[in-house]
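Work out the full structure, taking the sequences as your base and the hints as a guide.
Read top to bottom, the protein sequences are chains A and B.
So in numbering that gives the first Met the number 0, the last spot in the first sequence is 162, and the numbers never skip.
So in numbering that gives the first Met the number 0, the last spot in the second sequence is 195, and the numbers never skip.
Derived from the structure by calculation, the hints contain no laboratory data.
Misleading hints may appear alongside valid ones.
[Said to hold, decoys possible] If you anchor each label on the Cβ, the simulated ranges turn out as follows: (1) A:LYS74 x B:PRO106: 37 to 45 Å; (2) A:GLU25 x B:LYS67: 36 to 44 Å; (3) B:GLU151 x A:GLY99: 44 to 52 Å; (4) A:ALA71 x B:ASN107: 30 to 38 Å.
Cβ coordinates follow ideal geometry from the N, Cα and C atoms, glycine included.
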Amino acid sequence: MVEPAIALFGGAYEKASHVLEELLRESGARYALLLDRKGFVLAHKEALWAPRPPALDSLATLIAGNAAATQALAKMLGEPRFNELLHQGATHGLYAEEVGELALLVVIFDNSAPVGRVKLFGKRAVQALEVITRDAVVQPGTLGIDHEYRDGASALLDELFGN
Amino acid sequence: MSTINFAAREINFKIVYYGPGMSGKTTNLRWVFQQVPQNRKGEMVSLATEDERTLFFDFLPVDLGEVKGFKTRFHLYTVPGQVFYNASRKLILRGVDGIVFVADSAPNRLRANAESMRNLRENLAEYGIKAEDIPIVLQANKRDTPDALPVEMIQAVIDPEMRLPIFEAVATTGVGVFETLKAVSRQVLSRVAAAS
Ligand SMILES: Nc1nc2c(ncn2[C@@H]2O[C@H](COP(=O)(O)OP(=O)(O)O)[C@@H](O)[C@H]2O)c(=O)[nH]1
Ligand SMILES: [Mg+2]
Numbered sequence: 000m001v002e003p004a005i006a007l008f009g010g011a012y013e014k015a016s017h018v019l020e021e022l023l024r025e026s027g028a029r030y031a032l033l034l035d036r037k038g039f040v041l042a043h044k045e046a047l048w049a050p051r052p053p054a055l056d057s058l059a060t061l062i063a064g065n066a067a068a069t070q071a072l073a074k075m076l077g078e079p080r081f082n083e084l085l086h087q088g089a090t091h092g093l094y095a096e097e098v099g100e101l102a103l104l105v106v107i108f109d110n111s112a113p114v115g116r117v118k119l120f121g122k123r124a125v126q127a128l129e130v131i132t133r134d135a136v137v138q139p140g141t142l143g144i145d146h147e148y149r150d151g152a153s154a155l156l157d158e159l160f161g162n
Numbered sequence: 000m001s002t003i004n005f006a007a008r009e010i011n012f013k014i015v016y017y018g019p020g021m022s023g024k025t026t027n028l029r030w031v032f033q034q035v036p037q038n039r040k041g042e043m044v045s046l047a048t049e050d051e052r053t054l055f056f057d058f059l060p061v062d063l064g065e066v067k068g069f070k071t072r073f074h075l076y077t078v079p080g081q082v083f084y085n086a087s088r089k090l091i092l093r094g095v096d097g098i099v100f101v102a103d104s105a106p107n108r109l110r111a112n113a114e115s116m117r118n119l120r121e122n123l124a125e126y127g128i129k130a131e132d133i134p135i136v137l138q139a140n141k142r143d144t145p146d147a148l149p150v151e152m153i154q155a156v157i158d159p160e161m162r163l164p165i166f167e168a169v170a171t172t173g174v175g176v177f178e179t180l181k182a183v184s185r186q187v188l189s190r191v192a193a194a195s
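What follows is the structure, encoded as structure tokens:
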């Protein structure tokens, strides 16, 4: 099998969500997401005052691709890694940081949140999330997807794509 | 490996459309995007050059629905086919659960098909994956062109042992597009179910 998966549930998920919530509160950012390196959203939080976020799936995919490209560039230059990823426009900013080997933290903010604060609390959140995600790594085979699941999903494939 | 988010009760799979440049990978995704009802798909993201050549990837999330209380979702990706984009292609293979190899039926693309398959094997190997260990489904696309090669000839160069399932397609009109996607999805599901 390929890569271990991160399975966030129960207490681990609660803890991760809590870290994201704290991060939003302390930094004044709009949205905070925990992604896996493939671009799947593991957990996300939005500030109560923030407008509706853009499509999270697309966002996560682009950030994971961007982060992967950035790390490939670092390797080409002989660096083990580049630290964070920061994009800033006139009103919006995006900050992404690696969470261990398997995950990424993304913070989206506007100009009401100073970037220094986003980075400071972002890095603090990463430390907490690293511990949580490390404990949430499961080896394939313990995921509990069985034949009943497969048959159910298979029937849905026919429903969506025709026989 | 698939990602499971128990909290959100979601299971996600990653499927990558691979193959030489211009074989019809993006067209496959466009067809799926056009046909799947609004509530079962997300936005299609295309990172392409001005002349519509895929630069990094195309992306389309498809919602299968709920199975045993889990929302099941397939993330479809295409890679840029042109030879010099290999660094990007490699990145997109990360964590792949299943592959659709889109071959071009034109006689002058036979060699490009073979080279792309060899490149796929090399890139998988860099992730420590043997091509034999991951679901791969072949698609012979552009069957509508008058000089399309016999399917057996195409398969002979990309899969000499004739081990993999192959589907004929005309991606521009949707022929074979869903059949291919269903076949790879089924294999992915079976593989995960067998591992548990
Ligand atoms: N005749 C024909 N043309 C196709 C077919 N599928 C794709 N094309 C065309 O081939 C070109 C390249 O397709 P595209 O999907 O961008 O290729 P990609 O590089 O693999 O993503 C486009 O002009 C498509 O319209 C097909 O089944 N038949
Ligand atoms: Mg393309």
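44 to 52 Å as the expected CB spacing between GLY99 of chain A and GLU151 of chain B, which holds or is violated:
48 Å, holds
Taking 30 to 38 Å as the hint, is the beta-carbon distance of ALA71 of chain A and ASN107 of chain B inside that range?
32 Å, holds
With 37 to 45 Å as the target window, see if LYS74 of chain A and PRO106 of chain B comply at their CB atoms.
At 39 Å between Cβs, range holds.
The hint says 36 to 44 Å between GLU25 of chain A and LYS67 of chain B; measuring C-beta to C-beta, is that right?
Holds - the Cβ-Cβ distance for GLU25 of chain A and LYS67 of chain B, about 39 Å, lies within 36 to 44 Å.
Going down the numbered hints, you'll see the structure goes against none, and every one checks out.
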